[in-house]
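Student: Here is what each chain is made of, one letter per residue.
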Amino acid sequence: MAKDFLTQNSIAYTEKNVFDDLAAREDMIARSGQYGVPVIDIDGKLIVGFERGRMKELLGL
Amino acid sequence: MKTSDLIIIGTGPAGLAAALYAGRYLLNTVVIGKTFGGEAGRAGKIWNYPGVKEIDGLDLTLVMREQAEAVGALIVDDSVESIENKGGCHVVKTSEGVEYSGKALIIAQGAERKHLGIVNEKELHGRGVHYCITCDGPLYKDKVIAVVGGGDASVKGVNLAAQYAKKIYLIVRDPQIVAEPINHDEMKKLGDKVEVLLDTEIAEIVGGAHIEAVRLSKPYNGSEMLPLDAMFIEIGAKPSTVFPSSLGVKLDASGYIVVDPMMQTNVAGVYAAGDATAFFGRFKQNITAAAMGAVAATSAYSYIQSSPHVCDVHWKEAGREGRTM
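Protein chains in written order, with my numbering: chain A, 140 to 200; chain B, 34 to 358.
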């Protein structure tokens, strides 16, 4: 749903599959301090889970 | 304020099936839900939805969404802040401040996952303590995990986790597992990879930055401490009572909405469907949710047809006065 939200709002994003990409997984765990997905990085600010309101705030929507 | 004939709370199978039927009844319908797909969206592979041989739960609900939208339903991905009855209208306000008014309301908001309610559970959520094995399970490849719960969801979770976990402990409070026999048989085929601990509860979750172990209610292999890399809690759900209570909707002793065979509650124009009710007792499935949604929409349609002046709203748009549908 996070990807749909970004696409609907014409926001470009890079997706990393933390299940297959070990380096991406370790980076996610190190930076977010936890294992839950998705973790969304918007200009260095992290959101764990799909939080529509917070994403709109950080994206200026 | 946006007006409609019918407002549906919940975007799982109950809500989406209701929206499909409502759309085919030519009802102006709005469906509002925070977590699209509900429990079905997180269920992983589904094999027992008649007409579909095998499908991912999220994909199933996406098809339902397409069907509902094709007949005119408006799906709003947002959470509900409040529901009130104002002059015969059901007014729903979302967390983004948008208000929707409808002649009839279907509550299909599902139920929330139960927590164990023990020490460190909240603190370690996401740090080895999880509630969705399809979401977070694959992160624990070659690790030792526990799945807590003795029902079908936990057994399916074990079967899924076996694809990547090194070892799985299924911790069951009761003396037996209650799961679909076909799923239970699949789990038995996993052999020593899965250890089933019956009559056992989690007394404590131990860990600092991440889970390290759980303390069991009784010893296993001589010790109460079971070292783990993660645990997945699948102990069922409890209904949310906030909105039903605000409307005066009758609830049963467990907080589920009481409905009659046509999904009617004790409040005129208010219906309920899916896991927010206990109409089929503990048997909660996508098929029962969808069926209840269809019935609720049919009842809402009959109500609106027989009460044409309920929630009359007069509005102006660009200088034109009119009546909502």
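Be a bit skeptical, because a hint or two may be false.
[Claimed, not checked] Have a look at the derived ranges for each label pair, beta carbon to beta carbon:
{"id": "1", "chain 1": "A", "residue 1": "Leu185", "chain 2": "B", "residue 2": "Ser335", "range": "17 to 25 Å"}
{"id": "2", "chain 1": "A", "residue 1": "Lys184", "chain 2": "B", "residue 2": "Gly120", "range": "28 to 36 Å"}
{"id": "3", "chain 1": "B", "residue 1": "Ser128", "chain 2": "A", "residue 2": "Glu165", "range": "27 to 35 Å"}
{"id": "4", "chain 1": "B", "residue 1": "Tyr253", "chain 2": "A", "residue 2": "Ile150", "range": "30 to 38 Å"}
{"id": "5", "chain 1": "A", "residue 1": "Asp143", "chain 2": "B", "residue 2": "Met295", "range": "29 to 37 Å"}
{"id": "6", "chain 1": "B", "residue 1": "Met295", "chain 2": "A", "residue 2": "Glu196", "range": "19 to 27 Å"}
{"id": "7", "chain 1": "B", "residue 1": "Glu156", "chain 2": "A", "residue 2": "Asp180", "range": "18 to 26 Å"}
{"id": "8", "chain 1": "A", "residue 1": "Arg170", "chain 2": "B", "residue 2": "Pro341", "range": "41 to 49 Å"}
{"id": "9", "chain 1": "A", "residue 1": "Arg170", "chain 2": "B", "residue 2": "Met295", "range": "33 to 41 Å"}
{"id": "10", "chain 1": "A", "residue 1": "Glu196", "chain 2": "B", "residue 2": "Ala236", "range": "35 to 43 Å"}
{"id": "11", "chain 1": "A", "residue 1": "Met140", "chain 2": "B", "residue 2": "Val177", "range": "30 to 38 Å"}
{"id": "12", "chain 1": "A", "residue 1": "Lys195", "chain 2": "B", "residue 2": "Ser287", "range": "31 to 39 Å"}
{"id": "13", "chain 1": "B", "residue 1": "Arg57", "chain 2": "A", "residue 2": "Arg170", "range": "23 to 31 Å"}
For the record, the hints were derived by calculation from the structure and aren't laboratory data.
Even for Gly, the Cβ is constructed at its ideal location relative to N, Cα and C.
Student: Would you mind marking each hint as holding or not holding in the structure?
Tutor: Status of each hint after checking the structure:
1. A hinted range of 17 to 25 Å is violated for the C-beta pair leucine 185 of chain A and serine 335 of chain B, which are about 49 Å apart.
2. Evaluation of the 28 to 36 Å hint for lysine 184 of chain A and glycine 120 of chain B yields a failure: the beta carbon distance comes to about 43 Å.
3. Checked against the given bound of 27 to 35 Å, the beta carbons of serine 128 of chain B and glutamate 165 of chain A, roughly 34 Å apart, stay inside it.
4. Restraint check, tyrosine 253 of chain B to isoleucine 150 of chain A: a C-beta distance of roughly 49 Å breaks the suggested window 30 to 38 Å.
5. In this structure the supplied range 29 to 37 Å holds for aspartate 143 of chain A paired with methionine 295 of chain B, their Cβ-Cβ distance being about 34 Å.
6. At roughly 43 Å, the beta carbons of methionine 295 of chain B and glutamate 196 of chain A sit outside the given window of 19 to 27 Å.
7. With their beta carbons about 24 Å apart, glutamate 156 of chain B and aspartate 180 of chain A fall inside the hinted range of 18 to 26 Å.
8. For arginine 170 of chain A and proline 341 of chain B, the hinted distance range of 41 to 49 Å is not satisfied, since their beta carbons lie about 57 Å from each other.
9. Distance hint check: the CB atoms of arginine 170 of chain A and methionine 295 of chain B are about 52 Å apart, inconsistent with the given range 33 to 41 Å.
10. For glutamate 196 of chain A and alanine 236 of chain B, the Cβ-Cβ distance of about 41 Å falls inside the hinted range of 35 to 43 Å, so the restraint holds.
11. In this structure, methionine 140 of chain A and valine 177 of chain B meet the distance hint of 30 to 38 Å, their C-beta atoms being roughly 31 Å apart.
12. Judged by the Cβ atoms, the range 31 to 39 Å given for lysine 195 of chain A and serine 287 of chain B holds: they are separated by roughly 36 Å.
13. The hint said 23 to 31 Å for the Cβ distance between arginine 57 of chain B and arginine 170 of chain A, and at roughly 48 Å that hint is violated.
Of the numbered hints stated above, those contradicted by the structure are hints 1, 2, 4, 6, 8, 9, 13, listed in ascending order.
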